[in-house]
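Visitor: This is what each chain is made of:
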Amino acid sequence: MSVYTSLDSVKDELLKCLKCGNCQAVCPIYKEMRHEVAVARGKIVLVETLLNGEIEMTDRLADKLSLCTTCMACNQICPNGIRFDKVILAARAEGVRKKGLHPIKKIAFKALKLQRLFDLGMKTGSKFQGLAMKRVKGQDYGARMRIDLGIGKEKVFPNLASKPFRSQFPSEVKVPNPKMKVAFFSGCMINYFYPDMGKSVVDVLTENDIEIAIPADQACCGIPASVNGDVDSAKEQAKRNLRAFEESGADALLIACSSCGSAWKHSFSELMEGDAYYKELADKWAAKTYDINEFLVNVVPFKRDGLGEVKRTVTYHDPCHLNRGQNINKEPREILKAIPGVQFIEMKEPGRCCGMAGSFSLVHPELSGKISDKKIADIATTSTNTVATACPACRLQLASGVINAGMNKDVLHTVQILAESYAKGKQ
Amino acid sequence: MFSKEVINELVTVVGKENVISELEDLVTYSFDATAAMPRVKPDVVVTPLNTEHVVKIVEVAKKYEIPIYPRGSGTNLSGGTIPLEKGIVVSMVHMNKILEVDLDNLCAWVEPGVIIQDLNNEAMKHGLIYPPDPGTVATATMGGSVSECSGGLRGLKYGVTKHYIMGMELVLANGDVIKWGGKTVKNVTGYDLTALFTGAEGTLGIITRLLVKLIPAPEARKSLLAVFDDLDKAGNAISSIVRNKIIPATLEIMDKVTINTVENFTKAGLPIHAEAVLLIEVDGYKESVAREAPLVEKICQECGAIDIKVAETDEERDLIWFARRNALPSLGQVKPSTVLEDATVPRSKIPEIIKAIRRIADKYQLFIATYGHAGDGNLHPTIVIDPTDKDEIERMEHAVAEIFEAALGLGGTISGEHGIGIGKIKYLPLEFGEAGVDTLRRIKEALDPNYMLNPGKVVDRGE
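Residue numbers (our numbering), protein chains in the order written: chain A, 1 to 427; chain B, 1 to 463.
I should point out that these hints are in silico values taken from the structure, not numbers from a laboratory.
Just so you know, not all the hints are guaranteed correct.
[What the hints assert, rightly or not] Simulated coverage check for chain B against chain A, where a stretch passes if three residues somewhere in it have a Cβ under 8 Å from a Cβ of chain A: (1) 26-32; (2) 135-142; (3) 328-335.
Even for Gly, the Cβ is constructed at its ideal location relative to N, Cα and C.
Using the sequences and the hints given, assemble the complete structure.
Guide: Written out as structure tokens, the structure reads:
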């Protein structure tokens, strides 16, 4: 029994809740709304009430359950260590079982499942994005929606890449004397929006004599589907990915997206429960999956000679699914601090959610914007010229926030700054 | 059935965005942080933005004879915000502005929805503090903590909430707005309404503005941990410290059950064979800390402490307080529900009350860990129970009643800092006598004859 198959699976978590309300102190949504339904204990009581039959799973209840960015800040502050992220995933999965998936999400996740069609769509989309999107003046950063389709008009989306990452590179990137062979799971956002991040991963790994497989058959990691309760789609995507990487023959799997990393490390194994063959595969790959920062610091320490000077003042935003989800927060800082010329300045609350949370920012654009404003205000106090992070989704949110605040800052993945340093070292 | 008419009137008064009436939302206002309480959904929740809104909400409630429940963050431990008789929950959390910090008169005007920690963060910018620090300092509102007269860890030296309230604005049950107090140190005009309304648990009026006292932040602090193999020796140390004219900011105790539970779950290296540990912090000017800390150490030694650790660095200080911070979380791992009491005795009676609690735990076969603010005589016997075990709940109720009797027998009180709310209402005559309870009831009825404000809390309607 996993959180994806039965709501009963989280009964023990529910029982542990003291209703002390400590979650109010850290919940980014509660801080904006200040309604009990916004915070973990409120939703825990809703799920309890649902389980004992006093309320039913309705569209309205599903709406309330959508009020969570799964940032896991409440997990961390909870005196009883409740895994509220599991409660919310289980409740959303129950919602889909009982009420079906919201029609728009249904189309979206179906598209993500049909990898080839999705790929064609995104490539075509890159040519026609100007029709729906209006470019931000004078900059190549991205574009805003021309009309509000219910997802807000404020957010600046990066332009779809004219050539996705996986079309830019072969499925095998060779080096002369390889130390080891890794496989790189790019994820959708790096592939279609941020090929520059993917390129930096390739540059840094080749610089460190590591051979890279980039399986062409990889699909979406399934997190967008599973956090919205669409377990069937998530399962299909997990299986497809497991097959694709099993064929790669790599010693390790590298990821530069915090959510994709959580999927490979945690979700796949849970999703595959009850399927002996795939469960074994999922467990095997989970043990070999590394975030790129983690890999470069703890597994194959990155080469420190050859680093050129990068003149940047940098602050770092911790992606929730990397920091609290995978306990990786020292490694990105260690990389940044090792780069000559980088002056590192912490913001006050680097671990506070940026408010992106995938589809959350589309379903609740206003709330997402307010949460982002807090993050951007914190960043502003550091007076840095660069915001580093380790997740393409956070990068999108932070970049949009920075542009909307009229600030001139680069928002980059740590590995991009490292790649920049290696490049400078060669000049 | 709650009429649509009332909802419509409330919408007219405070705006649609400040009226919450969907079932799924109402469920989330049916409880607070108190264990083993009934859950009751309100009919509607409103979130006023100013005093005028509050007045109009009271007028609607008066017109339709509907109960009103003022609510802050809902973190109290007495069932004080549960809408027992249904009606309107008035959630004050949107009135959350710090209106003024006055550095000359060392005080601040705040709205009731300000979170205590937020006020402290603002005060700290000026080298000041607002001392009351309940465990919920990061979540509780000023209005809520004033209504409960919260205590906290620093009560021994700095007092509790009521010592920091200089004035108030309040909406009465008849809709009148009254305001009193001010920025003067002295004020004896009229009855002491501050004393009446601080700790009134929202049963006499709705606080809409508060004037609170701030004090200079202490310059230095030092923490010590003293281990005792005998409860009476620890008790003697508590009294000796104070008898020697040292008033620590914090003087906490953890009993053997607590120590073992915390150690079991944190592996922090606590002395599991100890009968009690004292956690002590002195603060103030550097010079006075330098003088007091060694004295405290010496007194603990003389009283027979088997081990004493003095924190020399911030890390060592954190380590000392780590155990105390982890008391409740660790107890929560034993069984899911924790009933946290706050029976309080004169500090000289600490060993006796702890022994009494142990006898009661044995008698009712319950797991009770005792820790708390020894310097204040304010203990938190914490009973961990399985909320699905009816027999255990019944035994817990008997035990709680006997703990109260024991505290009263030692010259103490049934509630040091959590308040009466629903939970302790039936024990009130034990401490006050029928005439005392009747006096409370007459105060209530003078100000709120129809029991419209937070009914079912502190005093009931009587026969």
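Visitor: For every hint, state whether the structure bears it out.
Guide: Structure-based check of each hint:
no., hint, in the structure
1, 26-32, "holds (count 6)"
2, 135-142, "holds (count 3)"
3, 328-335, "holds (count 4)"
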